[in-house]
Each structure stands twice: as C-alpha cells, then as structure tokens.
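Read off the chains here:
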Amino acid sequence: MRHKQSISRKLFIVFNTLLLALITVLSVIPFIHLLSISLSSNTAASAGEVRLWPVGFSFDSYVYLGEKVEFFRSLWVSVKRVVLGTIVNLFLVFITAYPLSKSNDRFKFRTPYVWFFAITMFFGGGLIPTYILVKNTGLIDSIWALILPGALNVWNMVLMLNFFRSIPKELDEAATIDGAGHWIILWKIYLPVSLPSIATIGLFTIVGHWNAWFDGILYLNSPDKYPLQTYLSTLIMSMNAQMSSISIEQIKAMENLSEKTLKTAQIFMGALPIMIVYPFLQKYFVKGIIVGSVKE
Amino acid sequence: MKKIKPWKMMLLATMAVSLFTACSSQDKTATTTSEPVTTKEETKTNTPPDPLGKYADLVTVTEVLGYNPPEDPRTPQGIKPEENAYFKDLKEMLNIEVKYKWTVPSSQFEQKFSLAMASADLPDILELDPKNFEKLKNQDMLADLTDAYKQYASPALKKYMESDGGFAMKTFESDGKQLAIPAFEDPFLSSQQLWIRKDWLDNLNLQAPKTIDELEKVAEAFVKNDPDKNGKNDTYGIAAQKNLFFWGFDLRGFFNGFGAYPSIGDNQSAWIKDSEGKLIPGLIQPEVKAALGKLQSWYQNGILDKEFALKDENKSVEDITAGKVGISYGEWWYPNWPLNLNMDKDPKANWIAVQIPGLEGPGNTLVPKIRSSKLFAVNKKMKNPEAAIKMINFYIEMGNKKYMDQNKAEKGYVYNWFNPRIYNPAQIDTIYTEVNKALDANQTEITLDDENYKNVADVFKATKDFLSGDTSTASRGVNWGQYFSRAAKDGGWGMTRQLKESKAYVNNEFYGIPVASQVEKGTQLDKLMQESFTKIIMGAPLDEFDKFVASWKSLGGDQITQEVNEWYTKQATK
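Protein sequences, first through last, are from chains A and B.
All residue numbers for the first sequence refer to the working numbering, where the first residue is 21 and numbers rise by one.
All residue numbers for the second sequence refer to the working numbering, where the first residue is 208 and numbers rise by one.
Be aware that one or more of the hints could be misleading.
[Claimed, not checked] Here are the simulated DSBU-like pairs of lysine-lysine, each with C-alpha atoms no more than 35 Å apart in a straight line:
{"#": "1", "chain 1": "B", "residue 1": "K357", "chain 2": "A", "residue 2": "K272"}
{"#": "2", "chain 1": "B", "residue 1": "K319", "chain 2": "A", "residue 2": "K272"}
{"#": "3", "chain 1": "B", "residue 1": "K618", "chain 2": "A", "residue 2": "K88"}
{"#": "4", "chain 1": "A", "residue 1": "K245", "chain 2": "B", "residue 2": "K615"}
{"#": "5", "chain 1": "A", "residue 1": "K245", "chain 2": "B", "residue 2": "K287"}
{"#": "6", "chain 1": "A", "residue 1": "K155", "chain 2": "B", "residue 2": "K287"}
{"#": "7", "chain 1": "B", "residue 1": "K552", "chain 2": "A", "residue 2": "K88"}
{"#": "8", "chain 1": "B", "residue 1": "K671", "chain 2": "B", "residue 2": "K618"}
{"#": "9", "chain 1": "A", "residue 1": "K272", "chain 2": "B", "residue 2": "K295"}
{"#": "10", "chain 1": "B", "residue 1": "K696", "chain 2": "B", "residue 2": "K295"}
{"#": "11", "chain 1": "B", "residue 1": "K365", "chain 2": "A", "residue 2": "K272"}
{"#": "12", "chain 1": "B", "residue 1": "K319", "chain 2": "A", "residue 2": "K100"}
{"#": "13", "chain 1": "A", "residue 1": "K245", "chain 2": "B", "residue 2": "K661"}
{"#": "14", "chain 1": "B", "residue 1": "K661", "chain 2": "A", "residue 2": "K155"}
{"#": "15", "chain 1": "B", "residue 1": "K261", "chain 2": "B", "residue 2": "K287"}
{"#": "16", "chain 1": "B", "residue 1": "K696", "chain 2": "A", "residue 2": "K272"}
{"#": "17", "chain 1": "B", "residue 1": "K342", "chain 2": "A", "residue 2": "K88"}
{"#": "18", "chain 1": "B", "residue 1": "K707", "chain 2": "A", "residue 2": "K245"}
{"#": "19", "chain 1": "B", "residue 1": "K342", "chain 2": "A", "residue 2": "K272"}
{"#": "20", "chain 1": "A", "residue 1": "K88", "chain 2": "B", "residue 2": "K287"}
{"#": "21", "chain 1": "B", "residue 1": "K295", "chain 2": "A", "residue 2": "K100"}
Keep in mind that the hints were calculated from the coordinates and are not lab data.
Please take these sequences and the hints and turn them into a complete structure.
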C-alpha cells in the first residue's frame, strides 16, 4: 500500500511530525529537569539555577540515595503492592466480566447485577465511612488495606465486559458443542483471546497502584510500611503552607531541609520503573484484537 | 473495545468524575461521635509527688505522631519513630512506655487526626491546635490537669508557664479546670525587621535606610546600579511573593512601616485598639491604602519583581540564595535560613538587620499577644494524667549538661519525634544573654548548668566557630546563621530586643480561636483581599481599595468585627 505523495499529504506529515515531536519534548522536559537537578551541586539547586543541564555536576545525591534505607524499604513495599494488587485486580475483573457479558436469556439476573456494580460508579461512601469500614474489617496497617478496597475496578470491568461482547458468539458456541463448560471456555478460549485487553487493563492497574499515595497515608499507621509514592509525598510536602508563623523548631527543620538534590534524585528514581514498563506493554495496544479466529 | 459507543464513553467519564468529586468533598463534614466517659481512676500514692518519680509498675501511654524526617543529618539511617532513644531513657527513668497508635507525615496529620476524632479512636496524650482543642473541650473529652500540674510540674516547667504571668495557661482554662498545657514562645519572635545586604550597600556607597523614602532610593539603586558588580542587570529591589501576609518573605513589615497593621501573617485581619478602646480591623484602615499606592509605584519601576504574583515562598528563597534580591522584610531567624544559603554560595555576601523603615524615621512592628499554635492535652479516659506532666518534665530535664554526652542525634535521639515537648518560652533570649555573657568574659565553655545548657552550648559553639573561621562541624553560612540570628548584638534577636525595649511595636489584640463568622466567611474574605490587593499593586486604580473595604464589610466583615469585640469585652484576659 503506497500512498501517492501529494503536496498536501507531505505537508500533513511534516506538521504531524513536528506537532508530535513538540508534544514529546514537552513531556520529556520535566524529567530532564529533575535529572539535572539531581545531578547538580546543592547550592546551585537551592538557588534555582538549574534548568536542563546540571550545574556543578555531582553524583553525591545518588551515592547518598544508595544508603537511604527508607527509600529501598518503601520501594519494596511498592513492588509487593503492584504485584499483588495487579493479580487480584485482573483476576476479579476477568471473572466478573465474563458472566455479565452474557445475554439476559442466558444469565437471568444479569441486569440487577450490572446495576449492583454500576451504582458504585455513581456513589461513594466518602472518606470517613470508608476509613471506618477498613478499620473495622481489620485491614488497617496491612498491605491489604491498599489492595482490597477497590480491588474490583468497575470501570475496568466494564471495559473487559465490552471486549468480551465483541468476541464472536461462534467461538463460544463451537466450544459448547465440543462439550466445554463455562470454566473451560473462560480459561481456554476467552483468556488467550483477550490478552491484548488484559495487557491494557493490566497497565492501567500497574500505573494506578504505583502512583497511588493517599491511601497509604490513610490506612497505614507507620512510615516504614509506606509504599514509595507515599514516602515521596512525605518528602515534598513537609511544610504546611497554612501556618501564619513559624516556630523555632520549624526554622531548625528548614535549615536542614535544603537537600533538594537528594529529593529530586528520589523522585526521579521513583518515576523510572514505570517509564521502563510502558514500552514493553505498549505493543499490545497496537496489535489487532482478534485475528483470524472465525470466518464469516 | 470498539463496541463502546461514544455517548456511553462520555456518560461513563462523567460518572467517574462525579464519583471522585463526591468523594473528596465529603471528608470534612462528618460529625464526631463521642463516647460517654465514666471511669476516672485515681492512682493513689502515699509518697509526695515527685516530678521525675519512677512508677512502680510500667505505665503505657498511647500517642499519635505527625512526624517530619529526623532533622539532624547525623541521625542513624532508617530509624523508626518508636526506636527513638528518648523512649529508652523515659522507660529507665520513669517506667513509662510510649506506644504509637499511628504515625503520619506532619502535612497529613490534620486529616488523619480528624479521622481519628470521627471514629472516636483517640490516644492518651493529644497534641492539639486551638481549633481541635475547642472541639474536644465542647465534647468533654479532655482530662482535668489542674491537680496533676500543681503536684507534678517540675520547677522548670512552672517557671516557663509563669514567664508570661500565666497568660497562655489561662487561655486554656475552662471553669477553673486546666485542660491543656500550651507550648508557647515569646510573642516578640514575630516582630518584623528589614534584612538588607550590607555588601551591596557598600558597593554603591549607600547608607542603611531609616525611612520609606530612603528605602525607595536604596531599592532603586539595587535594581538599576548593578549592586553585585557582575556587569549584568539581574537584580530586583525587594523580595515579595503572592501571599502578601505570610510567615516569611512577605510584606507585613512594609505595611507596618506605614502605620498599617493589616494582618499578622494568616491573611485574616489583625485587630488593633482604637482611641475608644474598641478593636478595629487593621486590614481596612486608610493607612493600608497609602501602602498599596507605594507598592503600585514600586511594581511599575521594577523594585518589586514583575512576577511576584506568581511566586511562592520557595521562589523567594531561591532568589535570595541566588543573589537576585538584597532586601527582604522578615523575622529574627532569617540568617538561620535562608540567608545562610546565600552566605555559603557567595562568600562576599553580608546581611544586616535594621528596624523597619517608616514614614518619618523607623516604624513600629505588629506583635501578637500570644505566639502559640500547639498545646498538649490528655484524653479523659487516661488513667494517669500526671504521666503527661512527668513526660514534659522529662523532656526539659534532658537539656541538662549531665546528659549531653548521651543526648546526641547520632545516638538516635530524635527530639522532633518526642511528645509532649515544651520549650522555654524565653529560649532565644536565654541563649542571647548566656552566649554574650560567655563571650564578654572570654570563656571557652558555657558555665551555665540548667536545662537550657544544650541550646546555649550549641549556639556558643557555632558562634566560636564562626568568629574563628572554623568550618569543621558546619559550613561558614550555617555557623553565621546560628550566631547572627541568636547571639549577635546587631543580629536578629539583638535587633528584636531593641524593638522591645524602645517599645517600637503595636499589639494584635485578638488571640482567641476564630469567632463563628470568621470560620464561615474567613476564606471568602481572604480571597477577596488577595485579589483586590494584587490587582491594585499590578496597576488597578487605587480607589479599588475603597470598593474592597465596602465589600469586605458587607460580606461578613462587620459581623466579624462585632463578634471579635464581644469576645474582647467578655473573654479577653486584659
């Protein structure tokens, strides 16, 4: 398939490339800025002199970061959370979406069930009731408090459900004729066929778990259990902007606070894993949905 | 996925959004449920109460902690709050064990604490702000500390609490019951002065300004005449940021110079006494208008940064550190941070403090009646309320000389993780006097032997190091910061003492918790003020100020004034 290269098409390609390049640069600049601050000397960083290239090049912050127990402790918590959370989320989404994707005559009470889930998309219990619920179920202060509330993401479930519906009925019917029950159809047919959408939802989930920080603050009672993002948030938000006067103690804190380079080093390292994961899962986005399973 | 129709997508998206907003708007509305408290056991001992007496049986005390990372870089890596070495000593000395119900970064403390209040899950010892104190007091959740304080408070603690004539303590008394022990500081710590770069003045052959007009000339020269002699036009006159009234790098001092007292730093109006003895809001007085007029002209000729309305305090700090600005209004502690950063970056830099310039000669600064944002109370359910008092005694005691070899950050002592901690309200003044005494007598060591030893000795060492150019413990800037903020006679606290002695100050008379209409309308009025003032500075006609005053009054200001005056006649401890 070769397009005739008309002038307008050439123009389009030039502009399109330029526009996309611009967007790319805009997205990369903050990371470059972070990286250069983390590689600069502390005085240059606290004077705000660093732009896109390190000033007073120094690896000190990364050397110091290597000894920072808190960073690695919370990194490990984050890894656990992402692995556990993604497995739980995907499993629940997968087995919930399957029955709900069937038509009303095959699954009699489908509509009430769909509403049961959909209603949580309109209404939430609010912060305090949710907190009390988590507390009374004994999840407080354990990693499951980060995973089980919201273990089934209804939004993702709806995505999956709609994807299941796009799978040709013939596949299902053929399997039934061959004597397969629901479990076999689910695991042997639907699972392999829906890998692309699982990858998509999996990526959403991974990114979501990796970036979530607020639930860590709410449900975990000691900082050594914090996932990485919660820990990072404690670094950058240690000053309360609401106060009207500053106490002697806070001044002491300010005096010691100026380790800007170390902070940026940690923030950069915190963003790195997820940037690395993206390209590997991306290929699933582009792949066709179901290729050549049925001929109509 | 192609099966999802666009309209469905949009519907889902709106649902999702409405879900999030619904969640986030509900967090503050829940009401607190209080459990009836019936038990209040008294621990009877026959021995006379000893402020640091050891309990025969282990007493377990629960606390919660809003923590910041350990401040001292020498603190052992990875230490957890419950491993704080203070607790080890506390157990040995008093047989008290502290258990944390939870710990949370201090920026999230407020939210997590309201959750705990809402689910009635409070610890034994409470660190409160005045607002939460009032809530818990009204729900009758706080223990009466009157007897515990009388019997167990150590002489040092009593001395601290009486240092202001019992004024602060009285604020937290209700029906003759002492419900909290306030941590307060000398109110004069809030007084404003003008920090200015002496080396720039010298470069341009200028004198330190005493009046607004002189300040204007100096600032103009700092903008135009290349004060840092680097051949580049890269400096501006006076540090300012989007918050006109804040805890630092703001313009409170500037307004004070005009005899205007708009705010103590919280964007809410300050309250001054008029000739009839009533309280009037400083924010809407005509002097404020004059000051705004001056700021407007300064914005035009570049004395204020053109982008000041987009800057926060961090940006101001960056500019000061980078040597882009050489004048800033502020409190005594600036040398401590961030001026020390500038000193370290530029060895030629040299800052001095002068009294704020006024219309004719130096002006008066606004000083609050009380400077306290935090207090310690005890849960009514706690069996040993006196344990809290003993713990305060313990913390004060640990400042003594005999603990100095032990009490060090590298041995795991993290003071900002220990609660309840009360400081000497006159801490800075004690340091100033003692260090100067030792300097004048040419001593090599501090001879003082009481609970202030550690604080005094630290500043004395930094001072000695700075004066002799020793940078083995800390950089030149850090040593100078300690010296010039606390010990130097012409430095931060030295200057504040002079203000206090020459009575160059005006009091903010209101110090209660916000009155009802302030809680309700405060945010709106604050926003109105920010917008109107910023607009005027950036070039709107000066008469906008009169419009602002009219709206301020009608939008709740009049009601606030009335309620504040009611408070003043009824409750203020005069």
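To see whether the hints hold, each was checked on the structure:
Distance restraint check for K357(B) and K272(A): the Cα-Cα separation of roughly 32 Å lies within the 35 Å cut-off, and the hinted pair is therefore satisfied. Restraint check for K319(B) and K272(A): satisfied, since their Cα atoms lie roughly 25 Å apart, inside the 35 Å limit. Pair hint K618(B) plus K88(A) holds up; C-alpha atoms about 18 Å apart against a cutoff of 35 Å. With a CA separation close to 27 Å, the supplied pair K245(A) and K615(B) stays within the 35 Å bound.
The suggested pairing of K245(A) with K287(B) holds, with an alpha-carbon distance near 11 Å, which does not exceed 35 Å. For the proposed pair K155(A) and K287(B), the alpha carbon gap of about 23 Å is at most 35 Å, so the pair holds. Note on K552(B) and K88(A): the hinted pairing holds, with a Cα-Cα distance of about 27 Å set against a maximum of 35 Å. Using a Cα cut-off of 35 Å, the hinted pair K671(B) and K618(B) holds, with the two alpha carbons roughly 25 Å apart.
For the proposed pair K272(A) and K295(B), the alpha carbon gap of about 24 Å is at most 35 Å, so the pair holds. Of the supplied pair hints, the one linking K696(B) and K295(B) is violated, its CA atoms being roughly 40 Å apart against a limit of 35 Å. Pair hint K365(B) plus K272(A) holds up; C-alpha atoms about 26 Å apart against a cutoff of 35 Å. With a C-alpha separation of about 25 Å, the suggested pairing of K319(B) with K100(A) holds against the 35 Å cut-off.
Of the supplied pair hints, the one linking K245(A) and K661(B) holds, its CA atoms being roughly 34 Å apart against a limit of 35 Å. Of the pairs offered as hints, the one joining K661(B) and K155(A) is violated, with about 43 Å between alpha carbons and a cut-off of 35 Å exceeded. For the given pair, K261(B) sits about 26 Å from K287(B) by alpha-carbon distance, which is consistent with the 35 Å threshold. Restraint check for K696(B) and K272(A): the C-alpha separation of about 21 Å stays at or below 35 Å, so the hint holds.
This hinted pair does not check out: K342(B) and K88(A) have alpha carbons roughly 40 Å apart, beyond 35 Å. Distance restraint check for K707(B) and K245(A): the Cα-Cα separation of roughly 49 Å exceeds the 35 Å cut-off, and the hinted pair is therefore not satisfied. Of the supplied pair hints, the one linking K342(B) and K272(A) holds, its CA atoms being roughly 31 Å apart against a limit of 35 Å. For the proposed pair K88(A) and K287(B), the alpha carbon gap of about 13 Å is at most 35 Å, so the pair holds.
With a C-alpha separation of about 33 Å, the suggested pair K295(B) and K100(A) falls inside the 35 Å cut-off, and the hint holds.
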